[in-house]
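Trainee: So the chains spell out like this:
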Amino acid sequence: MSCCGTNPGYQELDEVSRLVSSRLAAFLKTLRDSGFAVGLAEGQDAAELMTASYAAKPGLLRSAFKHLFSARKSDWEKFDGIFDAFWLGKRVRSRSMTMGASKAANNPSLKTLADGQRSSGETAMDQVSSTDDVGADRTGEGRMEGASRADNLAEVDFRKLADPAQIEQAHEAAARLARAMRTRLTRRDLARRRGYRLDLRRTIHGNISHGGVPIDLVRRRRKTKPLRLVMLLDASGSMSMYTGIFLRFIHGVLDQFREAEAFLFHTRLAHVSDAMKEKDAARALDRLSILAQGAGGGTRIGESLQTFNRWHASRVIHSRTVVMIVSDGYETGDAALLGREMAALGRRCRRIVWLNPMMAWEGYAPEAAGIKAALRHVDLYAPANTLNSLTALEPYLAKL
Amino acid sequence: MKNREEIAQALAASGYIADGELATAISLMQLLRRPLLLEGEAGVGKTEVAKALASVHATELIRLQCYEGLDQSAALYEWNYQRQLLSIQAHRGDNPDDVEHQIFSEKYLLERPLLAAIRRDKPPVLLIDEIDRADDEFEAFLLELLSDFQVSIPELGTITATTIPHVVLTSNGTRELSDALRRRCLYHYVDYPDADREARIIMARIDGASASLSLQIARMVEGVRKEELRKVPGVAETLDWAAALVGLDVRDLHDAPETVHETLMCLLKTHEDKSRVTREVSERLLGKVA
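So the protein sequences, as listed, match chains A and B. The opening residue of the first sequence carries number 1 in the working numbering; numbering runs sequentially from there. The opening residue of the second sequence carries number 1001 in the working numbering; numbering runs sequentially from there.
Bear in mind the hints are in silico, worked out from the structure with no lab data behind them. Be a bit skeptical, because a hint or two may be false.
[Said to hold, decoys possible] The list that follows gives simulated cross-link-like pairs (lysine to aspartate or glutamate, DMTMM-like), each with its CA atoms no further than 25 angstroms apart: (1) B/Lys1269 with B/Glu1237; (2) A/Lys29 with B/Asp1179; (3) A/Lys279 with B/Asp1136; (4) A/Lys279 with B/Glu1272; (5) A/Lys277 with B/Glu1227; (6) A/Lys277 with B/Asp1129; (7) A/Lys73 with B/Asp1194; (8) A/Lys29 with A/Glu168; (9) A/Lys29 with A/Asp163; (10) A/Lys78 with B/Asp1179; (11) A/Lys73 with B/Glu1222; (12) B/Lys1269 with A/Glu259; (13) B/Lys1288 with B/Asp1273.
The whole structure should be built from the sequences, with the hints applied where relevant.
Mentor: Below, the structure written as structure tokens:
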């Protein structure tokens, strides 16, 4: 900056900054470890701020650094704690390890499933590598949303996540991924680089009054219906390890304006779009747990689909609708009914996507009578047990 | 260039009651020449920040409202086709090269906000509102413009910025912004003001609102925000409500619980919210207001 070059005390300041620069570098590392996307340019700017008058008061420097290094609301909220811990030696309260484990054990509601709690009998033997290296290598990531922020999480099966902090990270990534997909998939109109094509006939006709000189141009318009997503999530006991993350995913897909609907089923079907449109994820899950009592029991997919076809389909399905069923296909009801209802659903909507988290398990084959009957009517049968497999869905959906 | 204290004073003089950190953000914008990204719920006054900034720098505010499908011709520049056609008609028979040269000159160029912002004599404030509503592609284009501050128009050549505008971006979080854009910008999260600050905002904006009434209103609104509402009232709604109460000659909320309940419609904008805040709820909230 030109302003600093003219500063007479520049050399002295340079000396000072050499002393702090190693400390600053350590701070940048701390930030990166905490998930901040801090690049070289930010480091230089920070060094410049320290030589400018901002370093005079810690409060001022903290505020300046906070604006510089934060990139999203979560960064903004945790920055002060990290700064104080590093520069002022205050202790940060660690929040991640105290997420209501005792409360959850006796009362396995949907909310606790979504918080990532495992049932108490299960041991955490599958725990993957510690969170320390998560996010260490964040710089230089490009425009990949969601999954890229936690590269090493992207390939981990959701059921193998055991550490609460890691589960929280995966949930956040799923929600971000969903938001990115939602906007791109349900967009009504692509950016018009070249403008709409001219409608020559109507242009000439409309300009007869100008002696045929085309002054008012008439352009063709596209009439496309946006893609609508209808999600049916299996919340039965056999799916409990995945319910949490898919709830967060659905919460991300739905919002007030876009075309998406969500249903939850186990032994019966519940329409949960309204509850899921609650902005705050935790609050949405609270409302859900009231709606979806009995979650965690058996599954009657066939009957649930029958209810869907009978009462909801005509309202929520139009010609450009993709129905996404997330289930392991362990049907405790009548398999023939499931087949019939899947056929009926297939006639109505554009595509049926069946996501089965168990598909990627070693040795899993769709042997159950239920899923065999259903698969005949499914357009895409895909695994959905990692963040990457969720990301892989988007190109398929985008083509519809 | 102004220092932090001067900015804080200028903000106050412009009628914008800022939280403490905003002045830092604005002084950093000048020092580091980075755009400022404001995030926050709808109705917390993000757009107002840009207006206040324009008055701090005593300069013009150029606003680009983003929407789905926003493209370069609406954001950057467009040729004035109708005029070009008329000109071709008028010069029929002239040397075609001359005509072509003429119709692709500055005279026929329509400036849109982004081009206007880099061609002013005095650096304006460029407000890119609700960037999350625009598409990924537009965001990438914007990122390029914000780093180079030059625009290339095929028929005319490259236009380099005469001044670097003060850029403010706002986002409501309907779409996830790219990490690249986030990193390029300074970040400031705008929260709902606390009761004290909201009371000062009411006093600054509504004539005839006394200090005690303003504080009562602000505390009441704070309580309403904590209810489970679909649409949480923003600062603009608070101001509407304060204006309504002042207009109805209410001096103290406790004197007129009926009026308070009836005018709550200024704050509650959906049927669901309205039915949720019943008379009992509004009385309970009023009871908490000292």
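Trainee: Hints first: check each against the structure and report whether it holds.
Mentor: Hint by hint, here is what the structure shows:
Distance hint between B/Lys1269 and B/Glu1237 is fulfilled; the C-alpha atoms sit about 9 angstroms from each other, no more than 25 angstroms. The hinted pair formed by A/Lys29 and B/Asp1179 meets the criterion: a straight-line CA distance of about 18 angstroms does not exceed 25 angstroms. Only pairs whose Cα atoms come within 25 angstroms are accepted, and A/Lys279 paired with B/Asp1136 is accepted, the gap being roughly 23 angstroms. Distance check on the hinted pair: A/Lys279 and B/Glu1272 sit about 15 angstroms apart at the alpha-carbon level, within 25 angstroms; holds.
Only pairs whose Cα atoms come within 25 angstroms are accepted, and A/Lys277 paired with B/Glu1227 is accepted, the gap being roughly 16 angstroms. Of the supplied pair hints, the one linking A/Lys277 and B/Asp1129 holds, its CA atoms being roughly 24 angstroms apart against a limit of 25 angstroms. A C-alpha spacing of about 18 angstroms is found between A/Lys73 and B/Asp1194, which places the hinted pair at or below 25 angstroms, so the restraint holds. For the hint pairing A/Lys29 with A/Glu168, the CA-to-CA distance comes to about 22 angstroms; that is within 25 angstroms, so the pair holds.
With a C-alpha separation of about 23 angstroms, the suggested pairing of A/Lys29 with A/Asp163 holds against the 25 angstroms cut-off. The hinted pair formed by A/Lys78 and B/Asp1179 meets the criterion: a straight-line CA distance of about 18 angstroms does not exceed 25 angstroms. Using a Cα cut-off of 25 angstroms, the hinted pair A/Lys73 and B/Glu1222 holds, with the two alpha carbons roughly 21 angstroms apart. Between the alpha carbons of B/Lys1269 and A/Glu259 the distance comes to roughly 22 angstroms, so the proposed pair stays at or under 25 angstroms and holds.
Only pairs whose Cα atoms come within 25 angstroms are accepted, and B/Lys1288 paired with B/Asp1273 is accepted, the gap being roughly 20 angstroms.
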